[in-house]
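Number of protein chains: 2
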Amino acid sequence: MNMLAPYKDLRVLVTGGAGFIGSNLAHRLAGRCAELTLVDSLIPEYGGNLFNISGIEDQVKVNIADVRDESSMDYLVRDKDVIFNLAGQVSHLDSMHDPYTDLEINCRSQLSILEACKKHNRRVKIVFAGTRGQYGRPERLPVDETHLMWPTDVNGINKMAGERYHIVYNDVYGVRACSLRLTNTYGPRHHMRTSRQGVLSWFIRLALEGREIPLFGGGEQQRDFNYVDDVVDAFLLAAASDRTNGQVYNIGSGAAVSLREAAELAVQVAGQGSVRVVEFPPDKKKIEIGDYCADFTRFREAVGWTPRVPLPEGVGRTVAFFREHRQQYWEED
Amino acid sequence: MNMLAPYKDLRVLVTGGAGFIGSNLAHRLAGRCAELTLVDSLIPEYGGNLFNISGIEDQVKVNIADVRDESSMDYLVRDKDVIFNLAGQVSHLDSMHDPYTDLEINCRSQLSILEACKKHNRRVKIVFAGTRGQYGRPERLPVDETHLMWPTDVNGINKMAGERYHIVYNDVYGVRACSLRLTNTYGPRHHMRTSRQGVLSWFIRLALEGREIPLFGGGEQQRDFNYVDDVVDAFLLAAASDRTNGQVYNIGSGAAVSLREAAELAVQVAGQGSVRVVEFPPDKKKIEIGDYCADFTRFREAVGWTPRVPLPEGVGRTVAFFREHRQQYWEED
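One line per chain: the protein sequences are G and F, in this order. According to the numbering used here, the first sequence holds residues 1 to 333 in order. According to the numbering used here, the second sequence holds residues 1 to 333 in order.
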């Protein structure tokens, strides 16, 4: 299946385009679609990093703007065929410390983007990046899309609302939209300056620095990790099919592992670092979700997606990338 | 059961206190609690109406303020024992035409109130007014709390988020909170200037004016109507029990009726008006939820609440109230 074939003549906008998943999507699409515009605010604490688009600078338009800026978005959505809507505040803990910023980015900005499309471009297709955080603590595993949404933190609530706006604008105004509820994504071009944006990539940084990886409470919590290339596949397939309009889908790996196993794998592949059990920090404990594993049958049946990169291979590629480029991601800290 | 006994020494705050449910709650509590403060912005299009508190002016503190005003709320929540959190934008159609205002009131303001309690008054108990609109189009009837939330409009989405903030602040910060998911409430002191705030009260106005009641598409949609006194009971019981902390509950009547039956009852009780089938307005059709009927077993088991006022009796009381006070609710229009 050539996932890129449908994009040949399309104009594509990626919000959060200098961020982790957005930039990996941009690398895949660069030169293979009619026009590729990346919007990113480059807020230092978030995931945007211009090095993420090195090598494709000549094939993309980079537009520095904040999705909270209504008039910029009002202009940027025009004439686009597809919007990959990835801009977001992703830290669970930050959402508790500053719930208003999380609200502005994850709720209000989504409304601005959708209102802009309603006014100026109802024929666009939008794929929104939802999150397994919308489910909160699972009451059964694996989690499918009929599981109740009981987010344990403000971030999960705002993502839940942001996703649902997309579906309502699809149903009421015909602005075609769907959502992928991502689980833990890892891989090259992840934000690596803090531990707040992705646990496995952070473990890989610690291993590459020869440091100890702290496992809160033993690290027995199960997580479902997706390598970023598989997530990029999912976005490409979701946007290209009208069957996905108005739908929400889980993605996942099909095989959850414990944080301990993930950390040990990072140490083993890196050949450095170590693992140590520490006490659960109280603020994290309160919003901890326990085990998570996704059932992605609905999405597989809709578009034929399956993850292709096994965890050891994905960790290997990630270690190789950051070993080469660490100075771009954390060394000047 | 004396529902008011627990309130004797308590300081109570009602947001939306000059509105429909808030003012009925105030009439019940006035003189029966240690202190009763009503906050209302009196935005003309919304439900607040100072006539709603006539007769109890000397027993309440009325504080005109908007729940969007963070610093006012920051002050007003202090030293309160109970907050009945009823302020909201309730029109489904308005939320589609102006989604930002709905977001500000139904999401952001809830965060402000909760942040204020987190900072200044963690021992308060809050009862939030949720809505059956959070469920969207039911996939089974009656709807219990395990039904997925699939709101069909922006209002339902923002109420869903606003409710969940309460539960997260309960779970993470110990700010005790619960939510009642209200269905169609009707009765004295409802906003009657427009059709946007409550279908049965609006039918009663039309009947009292001898006008035709338009039934969109035949009026066969089932609705679950609660008389406001029963809803007041529910709020009083929910706040007085710690068993409700962190919980969400449906309330309902136990017997759904069609909009046609409700309209015919209004005409019959008023002895005026008539009923006419009209086409469904397209903007309302798109967000129409079909039939709704609540399963309120969970709430009955938690606090012993059951609705006490049958529909014909409630309509009779409502007709009598508005026949006497119509000039305060719409006649100067």
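Mixed in with the good hints there might be a few duds.
[Unchecked claim] Below are the DSSO-like pairs computed for lysine-lysine, each with C-alpha atoms no more than 27 angstroms apart in a straight line:
1) G:K286 <-> F:K118
2) F:K284 <-> G:K119
3) G:K119 <-> F:K286
4) G:K284 <-> F:K284
5) F:K61 <-> F:K118
6) G:K286 <-> F:K284
7) F:K61 <-> F:K8
8) G:K119 <-> F:K118
9) G:K285 <-> F:K284
10) G:K118 <-> F:K285
If you are wondering where the hints come from, they were derived from the structure by calculation, not from laboratory data. The structure displayed is predicted, hence computed values, not measured ones.
- Message: Output the indices of the hints that this structure fails to meet, ascending.
- Response: Hints 4, 6, 8, 9 contradicted; others consistent.
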